[in-house]
Amino acid sequence: DVKVTQSSRYLVKRTGEKVFLECVQDMDHENMFWYRQDPGLGLRLIYFSYDVKMKEKGDIPEGYSVSREKKERFSLILESASTNQTSMYLCASSLSVEAFFGQGTRLTVV
Amino acid sequence: KNEVEQSPQNLTAQEGEFITINCSYSVGISALHWLQQHPGGGIVSLFMLSSGKKKHGRLIATINIQEKHSSLHITASHPRDSAVYICAVRGTYKYIFGTGTRLKVLA
Chain S
1 DVKVTQSSRY LVKRTGEKVF LECVQDMDHE NMFWYRQDPG LGLRLIYFSY
51 DVKMKEKGDI PEGYSVSREK KERFSLILES ASTNQTSMYL CASSLSVEAF
101 FGQGTRLTVV
Chain X
1001 KNEVEQSPQN LTAQEGEFIT INCSYSVGIS ALHWLQQHPG GGIVSLFMLS
1051 SGKKKHGRLI ATINIQEKHS SLHITASHPR DSAVYICAVR GTYKYIFGTG
1101 TRLKVLA
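Residue numbers (our numbering), protein chains in the order written: chain S, 1 to 110; chain X, 1001 to 1107.
Be aware that one or more of the hints could be misleading.
As the list claims (entries may be wrong) - Computed cross-link-like contacts, BS3-like style, restricted to lysine-lysine with a CA-CA straight-line distance of at most 27 angstroms:
no.: 1; chain 1: X; residue 1: K1104; chain 2: S; residue 2: K53
no.: 2; chain 1: S; residue 1: K71; chain 2: S; residue 2: K3
no.: 3; chain 1: X; residue 1: K1055; chain 2: X; residue 2: K1104
no.: 4; chain 1: S; residue 1: K18; chain 2: S; residue 2: K55
no.: 5; chain 1: S; residue 1: K57; chain 2: X; residue 2: K1094
no.: 6; chain 1: X; residue 1: K1068; chain 2: X; residue 2: K1055
no.: 7; chain 1: S; residue 1: K71; chain 2: S; residue 2: K53
no.: 8; chain 1: S; residue 1: K71; chain 2: X; residue 2: K1054
no.: 9; chain 1: S; residue 1: K55; chain 2: X; residue 2: K1094
no.: 10; chain 1: S; residue 1: K3; chain 2: S; residue 2: K55
no.: 11; chain 1: S; residue 1: K3; chain 2: X; residue 2: K1054
no.: 12; chain 1: S; residue 1: K3; chain 2: X; residue 2: K1094
no.: 13; chain 1: X; residue 1: K1094; chain 2: X; residue 2: K1054
no.: 14; chain 1: S; residue 1: K55; chain 2: S; residue 2: K71
no.: 15; chain 1: X; residue 1: K1068; chain 2: X; residue 2: K1054
no.: 16; chain 1: S; residue 1: K3; chain 2: X; residue 2: K1055
no.: 17; chain 1: S; residue 1: K18; chain 2: S; residue 2: K57
no.: 18; chain 1: S; residue 1: K70; chain 2: X; residue 2: K1104
Said to hold, decoys possible - Covered stretches of chain S (chain X as the covering partner; in silico rule of three or more C-beta atoms under 8 angstroms from a C-beta of chain X):
no.: 19; region: 21-29
no.: 20; region: 94-100
In short, the hints are calculated from the structure, not lab data.
Glycine included, every Cβ here is placed at the ideal spot set by N, Cα and C.
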């Protein structure tokens, strides 16, 4: 079974903190994605990566950056967390068409 | 207008009822997914469709490419089916998601 693992299920951070959300997949997938999910808005793409060291902005990249130093790991970085970044964050990976999702990280910024 | 529209947004059913959730999209796609999200957040892929119909247990998914429409059916619904069901379409690089249908099945 493909496994996509996010490092934390729940996270509480203070405004202004630098926050790292980690995602690891174990199936050698080339494509990895970070989404945030908010009530009434569904999942929105923040960033995606189709290879090591490659990254592309999604629909809502402002306030975020990403890092893909190794194929299996895709990190989402909040340089200075703000309360409007309180959300559920979901990582996904895919080889071609089918996507596999992590369990999600519920981030609260206070 | 959203590129992927789901209906209904919320649905409450009695145990045993037949349930249908609909998804319409307005973009060209290579595949359509039906996803299930339980409380707590984790998402599971139920089906991936590019044409026709798929069945898994009590779940059936259909897609009509010409009409740009897909349906997810649940037969003999059970309280454990209570979840959010999300339709997602795959474009060139990325997925576009519907806002989900929140299903509650009462015992």
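Hints, verified against the model:
no. : hint                : in the structure
1   : X:K1104 <-> S:K53   : violated (43 angstroms)
2   : S:K71 <-> S:K3      : holds (14 angstroms)
3   : X:K1055 <-> X:K1104 : holds (21 angstroms)
4   : S:K18 <-> S:K55     : holds (20 angstroms)
5   : S:K57 <-> X:K1094   : holds (11 angstroms)
6   : X:K1068 <-> X:K1055 : holds (19 angstroms)
7   : S:K71 <-> S:K53     : holds (9 angstroms)
8   : S:K71 <-> X:K1054   : violated (32 angstroms)
9   : S:K55 <-> X:K1094   : holds (13 angstroms)
10  : S:K3 <-> S:K55      : holds (21 angstroms)
11  : S:K3 <-> X:K1054    : holds (24 angstroms)
12  : S:K3 <-> X:K1094    : holds (20 angstroms)
13  : X:K1094 <-> X:K1054 : holds (23 angstroms)
14  : S:K55 <-> S:K71     : holds (12 angstroms)
15  : X:K1068 <-> X:K1054 : holds (17 angstroms)
16  : S:K3 <-> X:K1055    : holds (24 angstroms)
17  : S:K18 <-> S:K57     : holds (20 angstroms)
18  : S:K70 <-> X:K1104   : violated (41 angstroms)
19  : 21-29               : violated (count 0)
20  : 94-100              : holds (count 4)
Checked against the numbered hints given earlier, the structure breaks hints 1, 8, 18, 19 and satisfies all the rest.
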